Amino acid sequence: MTQDAPTLAQRLLDGDRRALARAITLVESDDPAGWDLVREVYPHTGRAAIVGLTGAPGAGKSTLIGALTKLRREQERTVAVLSIDPSSPFTHGALLGDRIRLTDHFLDPGVFIRSMANRGALGGLSEAALQAALLMDAAGKDDVLLETVGVGQAEVDIIDHADTIVLVLMPGSGDSIQALKAGVMEIPDIIVVNKADHPLTDTMVREIRGVLSLAPQRGWRVPIIKTEAHKGAGVPELVAKLDEHRAFIEAEGTLSERRRRNLRSEVVAICTFRLRRRLEEQLDEDDTFAALLDEVVARRLDPATAATGILERLDAAAASRPA
125 MTQDAPTLAQ
135 RLLDGDRRAL
145 ARAITLVESD
155 DPAGWDLVRE
165 VYPHTGRAAI
175 VGLTGAPGAG
185 KSTLIGALTK
195 LRREQERTVA
205 VLSIDPSSPF
215 THGALLGDRI
225 RLTDHFLDPG
235 VFIRSMANRG
245 ALGGLSEAAL
255 QAALLMDAAG
265 KDDVLLETVG
275 VGQAEVDIID
285 HADTIVLVLM
295 PGSGDSIQAL
305 KAGVMEIPDI
315 IVVNKADHPL
325 TDTMVREIRG
335 VLSLAPQRGW
345 RVPIIKTEAH
355 KGAGVPELVA
365 KLDEHRAFIE
375 AEGTLSERRR
385 RNLRSEVVAI
395 CTFRLRRRLE
405 EQLDEDDTFA
415 ALLDEVVARR
425 LDPATAATGI
435 LERLDAAAAS
445 RPA
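Per this note's numbering, the very first residue in the sequence shown carries number 125; after that it's consecutive.
If you're looking for bench data, these hints aren't it; they were derived computationally from the structure. Some hints here could point you the wrong way.
[Said to hold, decoys possible] Pairs of lysine to any residue, SDA-like flavour, derived with a Cα cap of 20 Å: (1) 365 - 346; (2) 365 - 344; (3) 365 - 342; (4) 194 - 232; (5) 194 - 230; (6) 365 - 320; (7) 355 - 321; (8) 355 - 325; (9) 194 - 231; (10) 365 - 197; (11) 194 - 360; (12) 365 - 231; (13) 194 - 264; (14) 365 - 333; (15) 194 - 365; (16) 194 - 229; (17) 194 - 160; (18) 355 - 229; (19) 365 - 388; (20) 194 - 363; (21) 194 - 238; (22) 365 - 195; (23) 194 - 364; (24) 365 - 382; (25) 365 - 336; (26) 365 - 232; (27) 365 - 347; (28) 365 - 311; (29) 355 - 133; (30) 194 - 361; (31) 365 - 376; (32) 194 - 237.
[Unchecked claim] Simulated restraints on C-beta separations: (33) 364 - 437: 56 to 66 Å; (34) 378 - 430: 37 to 47 Å; (35) 341 - 387: 25 to 35 Å; (36) 400 - 429: 14 to 24 Å; (37) 140 - 414: 44 to 54 Å; (38) 200 - 431: 46 to 56 Å; (39) 399 - 372: 29 to 39 Å.
As the structure is a prediction and not an experimental result, all values here were calculated from the model. Ideal Cβ positions, reconstructed from N, Cα and C, are used throughout, including at glycine.
Generate coordinates for the entire structure from the input sequences, incorporating the hints supplied.
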């Protein structure tokens, strides 16, 4: 008598790379089978260290991730990389080829690399990102590295998806100045100034220290690491700070608090996404909405009043349904 073939969930939990790739595809496409799979493997998550890397485009996040991955593999840790790319306006698939910069690790069975389209998500992360990270965690990866699109102050969205947040900056870039705004400077646990061979590096480090000194002092003092990722310079120091921060939040008991906050945000995000899709489907079939939109286009009705009218109609329809 032959044994039954292992299920997708069993293969995933055993670390099967193809099973992990298939599972992420199911979740990304919002396939019910994907959510069933997440439900099945969820009790086996919570072991991986999830690190979010964010920053302006061109700061060298992908090169830095490649260098980080190399060092983690030398420590015999398994690594998963999830790069959140801008969506293609035509196919809605991932647009940037960030994985090209990680080619040194393609054949390493201890490294799993995946790109995911952000599908227009404001903070640079798609609603499926944390689900994909959970699947990577369930597959037994020790480190999950999330790389998000740099989109100015909307980068704060990454705080809802990681245990440790690394802000990557590049000296001499106008985009980097945007990162000095308080809204973004409040989120990182570690700041990396990459391409540190630039003559303005020390000036930028002083500016960052000045901004950080104005913020309320927390138990963890945000370190500033200078790196040249393409040479590997400064990357061992970054790895040391990542381990130090992990130990700190575990000792302080804030790791569980962060994860509770992250998972709350994910639940709300999934609810929001599904409610919006349901609303759009209803409105597409609603002649009254089309007439209301005509009024807005004709400038006889403002958008906020139109939205209020739609919500009132939906509430009335829900109240009239039998319990």
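Hints breached by this structure: Violated: hints 12, 17, 19, 26 and 29.
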